[in-house]
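Once you've looked at the hints, dock chain S against the given chain L.
Line order of the protein sequences matches chains L and S. Counted from 1, the first sequence has number 113 at position 113 by UniProt numbering; the numbering is strictly sequential. Counted from 1, the second sequence has number 1 at position 1 by UniProt numbering; the numbering is strictly sequential.
Since the hints were made in silico from the structure, they are not lab data. We put the beta carbon where it would ideally sit given N, CA and C, even for glycine. Warning: the hint list may mix true and false statements.
Stated by the list, open to error - Derived lysine-lysine pairs resembling DSSO-like cross-links, with alpha carbons at most 30 Å apart:
#1 307/L <-> 172/L
#2 186/L <-> 172/L
#3 133/S <-> 307/L
#4 172/L <-> 272/S
Said to hold, decoys possible - Some chain S residues well away from chain L (every beta-carbon gap over 12 Å; in silico):
#5 28
#6 64
#7 104
#8 274
#9 326
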Amino acid sequence: MTASLRAETTGPRPRAPRRAAARLWPLAALALLAGCEGRQSVLVPAGEDSRVLGDLFWVMLVGAVLLWIGMNGLFYWATRRSPAAHSQYLANWLVILGGILFPTVTLGALLVYGLSIMPDLRATGDGPVIRVTGEQWWWRVEYERADGSTVTTANEIRLPAGVRSTFLLDSKEVIHSFWVPSLGGKMDMFPGRVTEMTLGPERPGVYRGQCAEFCGESHAWMAFEAEVMEPAAFEAWLEAEAAEARPPEGALAERGRALFFAQGCGGCHAVRGTPAVGQVGPDLTHVGSRHSLAAGRLGTSVEDFAKWVANPGAWKPGAEMPAYAHLTDDQLGAIATYLEGLE
Amino acid sequence: MRQRTRTVIGTLAVLGALGALAGGATVAFGLYNVSARAGHLPPVYWALHTTFRQSVDLRADHPETPPPDLNDPALVELGARHFETACAMCHAVPGEDRSATVARMNPEPPHVEQAVGDWTPEELHWIVYEGVKMSGMPAWPSARPDDVWAVVAYLRAIQSGAVPAERQAELVARADLDGPEGAAWCAGCHASVAAHVPRLDIFEADYIEAALMAYREGRRESGIMSQAASELSPEALRELAVWFAEGGAAPERVSAADHDPELLARGEDLAKAGSDDVPACTACHGPGPRDLEGFGGEELEGHFPPLAGQDEAYLITQLRLWRDGVRGGSEAHDLMRVAAQDLTEAEIEALAAWYAGLDPATGAAARAGQANAPNPMRPAKDGGH
Numbered sequence: 001m002t003a004s005l006r007a008e009t010t011g012p013r014p015r016a017p018r019r020a021a022a023r024l025w026p027l028a029a030l031a032l033l034a035g036c037e038g039r040q041s042v043l044v045p046a047g048e049d050s051r052v053l054g055d056l057f058w059v060m061l062v063g064a065v066l067l068w069i070g071m072n073g074l075f076y077w078a079t080r081r082s083p084a085a086h087s088q089y090l091a092n093w094l095v096i097l098g099g100i101l102f103p104t105v106t107l108g109a110l111l112v113y114g115l116s117i118m119p120d121l122r123a124t125g126d127g128p129v130i131r132v133t134g135e136q137w138w139w140r141v142e143y144e145r146a147d148g149s150t151v152t153t154a155n156e157i158r159l160p161a162g163v164r165s166t167f168l169l170d171s172k173e174v175i176h177s178f179w180v181p182s183l184g185g186k187m188d189m190f191p192g193r194v195t196e197m198t199l200g201p202e203r204p205g206v207y208r209g210q211c212a213e214f215c216g217e218s219h220a221w222m223a224f225e226a227e228v229m230e231p232a233a234f235e236a237w238l239e240a241e242a243a244e245a246r247p248p249e250g251a252l253a254e255r256g257r258a259l260f261f262a263q264g265c266g267g268c269h270a271v272r273g274t275p276a277v278g279q280v281g282p283d284l285t286h287v288g289s290r291h292s293l294a295a296g297r298l299g300t301s302v303e304d305f306a307k308w309v310a311n312p313g314a315w316k317p318g319a320e321m322p323a324y325a326h327l328t329d330d331q332l333g334a335i336a337t338y339l340e341g342l343e
Numbered sequence: 001m002r003q004r005t006r007t008v009i010g011t012l013a014v015l016g017a018l019g020a021l022a023g024g025a026t027v028a029f030g031l032y033n034v035s036a037r038a039g040h041l042p043p044v045y046w047a048l049h050t051t052f053r054q055s056v057d058l059r060a061d062h063p064e065t066p067p068p069d070l071n072d073p074a075l076v077e078l079g080a081r082h083f084e085t086a087c088a089m090c091h092a093v094p095g096e097d098r099s100a101t102v103a104r105m106n107p108e109p110p111h112v113e114q115a116v117g118d119w120t121p122e123e124l125h126w127i128v129y130e131g132v133k134m135s136g137m138p139a140w141p142s143a144r145p146d147d148v149w150a151v152v153a154y155l156r157a158i159q160s161g162a163v164p165a166e167r168q169a170e171l172v173a174r175a176d177l178d179g180p181e182g183a184a185w186c187a188g189c190h191a192s193v194a195a196h197v198p199r200l201d202i203f204e205a206d207y208i209e210a211a212l213m214a215y216r217e218g219r220r221e222s223g224i225m226s227q228a229a230s231e232l233s234p235e236a237l238r239e240l241a242v243w244f245a246e247g248g249a250a251p252e253r254v255s256a257a258d259h260d261p262e263l264l265a266r267g268e269d270l271a272k273a274g275s276d277d278v279p280a281c282t283a284c285h286g287p288g289p290r291d292l293e294g295f296g297g298e299e300l301e302g303h304f305p306p307l308a309g310q311d312e313a314y315l316i317t318q319l320r321l322w323r324d325g326v327r328g329g330s331e332a333h334d335l336m337r338v339a340a341q342d343l344t345e346a347e348i349e350a351l352a353a354w355y356a357g358l359d360p361a362t363g364a365a366a367r368a369g370q371a372n373a374p375n376p377m378r379p380a381k382d383g384g385h
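One chain only, chain L, in its complex shape (with noise of 0.2 Å):
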């Protein structure tokens, strides 16, 4: 769409529209092409396993277009360059080399490299554990830790660059798929069945995940940030991410906890080291840190944070989160300044 917008937008010349089009058409594709700058895209690998995928992708393209390139050859030979009847002996090789022998080469070759990458994409983990449960819509993440506990997170996912990490995949209600495409393949999320991948990313930066099965009304809200990090990073993240939460600072943000408390906000989301235990939506520890709010909806600007408690569903059709519109403006500023402080 973006595409025949730009088409549109710059090409038409008065004189040969037609043409202009015509020559706009390469353009166009490059437009579309604009759209993979590397967030959130396979063609720009950002680890080992997108990077084998890439490969394989380019080598199938190339291999396509090379057969089609030689068939569409064979077929201007035969009609145009040679259309007469040919000998039955040349058409008997041609049968037997071009329609037997070549198509089963070709083809074994690809398979047997499809094949030998497969143990790629399989290896083991040898990094950090992560369970991702899949719920309407967001993504429930839980890192665990050497000592046994865990680190409850939402909708973000942190990974240290240089070693492969492992994905325990799960989901409460529906199926949904995991997909960083960035960073390698997607995995369906089951519910009752745990599914697992390992990923290798390999250069820091940060990353689009977005859900590949449809899911509900909001599948396509449904999307995370994934942050590739260096090591030592990661550590401290992690060691951050651990810690409960930090007391509001400033009487607005105070306000803005007693509002959250009084609401019942508690009831459904948890802040560690507050009463807030709640299970039902995502863990709000350290939601002023992350780089989205509701997974991957909104900013996590105080206005952000402002809107989205106001009518989630106006964001995110069919969330669950009910609408806190009896709050007036001056209510909902003050929680979203308590929950952007929770850094």
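Same frame as chain L, but now just chain S:
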């Protein structure tokens, strides 16, 4: 052949037109006598009454809600008290006569002792809930069929001969209370009936008032309470809300029933910690977090009722209504609809049992020895909030 068909059709058409004309004239010129004094001709009366009986018989077999224990004395008393408010004006009560005016209604409403007849509970439920067209018998004033069963329990008691005049007087007796208009009448159910009815002394006045207005304006369903709330002015309701919230009529009910400790533990666990489907109840309804120093706020008092010590049967009914999306209430009621939508029947029972067993003042579990002992008159909200 063709000619004959045409004659038949033509004759029928003319007869039909004449019939329509006669009917139209009867309506337009007021030829039919609607006098209740004149009444129906016996065959008309027979046809109407038979139609009524057969219609009930055809439809009453499958009530929308299954009957509870109809021998429950609290349910019988609740039904008797509602009957006195909403039904006795036409059907009278055992030991009393209908008024002379009511006796001249046509059809004449039968005295309750005849009205109960030999109807089955399902049939009684159908008649009370649906009402009877063109007879003066109104439909239940709420879209909630379950609270009709209280009236059915009372009618069953009359059917079985268990409600002579003296028993009737006991069932609807009122305490001598020093409260605003209607206080003794409200307390008749809210302080005397031993189950199914919420105790009001643990609520905030704003909450009670909001609930009464919701009943009055049809935003909350209950045939019993919408009748009660429509009998008084909003100002009178506000006065009553304040009086009851201040502990004007502490319930005479017995304290919580004995329960399997395991059930109570499950209730406590779910109420305090929630699950991944169910929010932690205590976050809004106490006891606990909401009242903690530095965490609580005054800003929403009145919206979320405290539940410690509330009546168990009432809690079960209300949680089911929330879960089924029937329950309305104040402007924040959508919060609770979402919170309760995934509750299972077992969870509802555990939560109600746990909450009912708490002491409203301290939030602690009532002592074991206290079960079945009458609750002493409790001074209003001494340690709460």
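Status of each hint after checking the structure:
A hinted pair counts as satisfied when its Cα atoms are at most 30 Å apart, and residue 307/L with residue 172/L qualifies at roughly 27 Å. With a CA separation close to 18 Å, the supplied pair residue 186/L and residue 172/L stays within the 30 Å bound. Distance hint between residue 133/S and residue 307/L is unfulfilled; the C-alpha atoms sit about 51 Å from each other, more than 30 Å. Between residue 172/L and residue 272/S the CA atoms are separated by roughly 22 Å; this keeps the pair inside 30 Å, and the hint holds.
Remark: the non-interface label on residue 28/S is consistent with the geometry, its nearest Cβ contact in chain L lying 53 Å away (cut-off 12 Å). At the 12 Å boundary, the C-beta of residue 64/S stays outside the reach of chain L, the nearest C-beta of that chain being 27 Å off. Every Cβ of chain L is farther than 12 Å from the Cβ of residue 104/S; the closest lies at roughly 51 Å, confirming the non-interface assignment. Chain L draws residue 274/S into its interface by the beta-carbon criterion, the shortest separation being 5 Å against a cut-off of 12 Å.
Consistency note on residue 326/S: stated as away from chain L, and its beta-carbon is indeed over 12 Å from all of that chain's, at 17 Å minimum.
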